[in-house]
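K.L.:
Sequence:
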Amino acid sequence: MAQTRIFDDLKASPTVLPSRAILAAMVQPEAVTPGLLALLDEVLANPAAFLEDQDHYGHLYALLLLAQFREPAALPRALALLRLPETEAEWLLGDFLTEAMASVLASLALSDPAPLVEAALDRDLDPFARAAAMAAMLAQGFQGSSLDPTFRIFDDLLATFEARGGSEDPIAWALLAGLLATGGFQPFQARLEAAFDQGWIDPEIVLRGHLAEDFQTNHAHNRRRFLQHTHLVEDALLELEALPWLFAEEDEPDDEDLPDVPPPLSAEARRSILAAQGPPSGQPGRNAPCPCGSGKKFKRCCGKG
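The sequence shown begins at 1 in the working numbering and counts up by one.
Since the hints were derived computationally from the structure, they do not count as laboratory data. Any given hint might turn out to be false.
Computed spacing ranges between beta-carbons, pair by pair [as the list claims (entries may be wrong)]: (1) R164 - Q228: 26 to 34 angstroms; (2) S13 - A73: 26 to 34 angstroms; (3) T4 - S167: 17 to 25 angstroms; (4) G199 - E86: 22 to 30 angstroms; (5) D197 - A12: 48 to 56 angstroms; (6) R70 - D202: 33 to 41 angstroms; (7) A45 - L207: 40 to 48 angstroms; (8) H210 - L147: 16 to 24 angstroms; (9) D156 - E86: 40 to 48 angstroms; (10) R5 - Q228: 29 to 37 angstroms; (11) Q198 - S19: 19 to 27 angstroms; (12) L207 - M1: 48 to 56 angstroms; (13) R20 - A73: 22 to 30 angstroms.
Even glycine gets a Cβ: it sits at the ideal position worked out from N, Cα and C.
Work the whole structure out from these sequences, hints included.
P.N.:
As structure tokens, this is what we get:
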């Protein structure tokens, strides 16, 4: 497939996943990388105009393809998307932020996690964007032969959070705590218990009892579950196929398109209608349920008199 056709298909309206274009891009990384980076630059140059005039997920396809290619030039662009104003970032990324961005960041920052550390500590970022950076570092740690370097990174992260105390975002606190438990970093448990005691951790995001259980008993299970969701991107198309919400579904009818449903009739109204219709054929027995639907016996409802 020609490169022009690839990019046209990636930027088409998101009714179906452009599988053929993505597969064609995957087999020629050097040829398509400049165009994928340019697609991200186009969005970043004027995100408001993009949101107003465009209707495609090309920037998300580009992120996953560049993550598969391990293209370092894509990392600052991915982080720039996270740093857009909240409304723009939300519209451009949506659930991609929590479901795929950590894998993208992990794949793009393999040579140097420092930008991820910076993002994780940036209080101007949405807490879930910060958590994506933290999760990316944990995914990198799970790929290595030892978790010791990752342990040291998270030790420093936790120390910064502790220094900030209650001025740190409680949701970011909770998301960090959950990742520390997933990593099985048991030496951090007592420090997180102290943070709970101080009221720094949002209890609606992570439950204290569940966190303690994860630290103590669920290491292997939590690690496997985490890696199902967050890992280095090896096949962009497979990653996209796991995100079916990206693609347009059949529109649900608006309320105004639905047929009018009459309000339920009162028992008195039902009796009046039945009385006007005359006695029913095959009149029920006096102890049978009344056919008007009142729930009473016939003799105590429409069969009176």
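K.L.:
Next step is simple, just say for each hint if it's right about the structure.
P.N.:
Here is how each hint holds up against the structure:
For R164 and Q228, the hinted distance range of 26 to 34 angstroms is satisfied, since their beta carbons lie about 32 angstroms from each other. S13 and A73 have their C-beta atoms about 28 angstroms apart, which keeps the hinted 26 to 34 angstroms range intact. With their beta carbons about 51 angstroms apart, T4 and S167 fall outside the hinted range of 17 to 25 angstroms. Separation of G199 from E86 is about 25 angstroms and conforms to the stated range, judged on CB atoms against 22 to 30 angstroms.
Range check, D197 to A12: Cβ separation about 53 angstroms, and the 48 to 56 angstroms hint holds. Between R70 and D202, the C-beta spacing of about 35 angstroms keeps the proposed range 33 to 41 angstroms intact. A C-beta distance of roughly 43 angstroms is found between A45 and L207, which places it inside the suggested range of 40 to 48 angstroms. Taken as a hint, the range 16 to 24 angstroms holds for the pair H210 and L147, whose Cβ atoms sit roughly 22 angstroms apart.
At roughly 27 angstroms, the beta-carbon separation of D156 and E86 lies outside the given 40 to 48 angstroms, and the hint is violated. Checked against the hint of 29 to 37 angstroms, the C-beta distance between R5 and Q228 comes to roughly 34 angstroms, which is consistent with it. Under the hint 19 to 27 angstroms, the C-beta atoms of Q198 and S19, about 50 angstroms apart, miss the expected range. Taking the beta carbon of each, L207 and M1 are about 49 angstroms apart, inside 48 to 56 angstroms as hinted.
Distance hint for R20 and A73: a CB-CB separation of about 26 angstroms, consistent with the stated range 22 to 30 angstroms.
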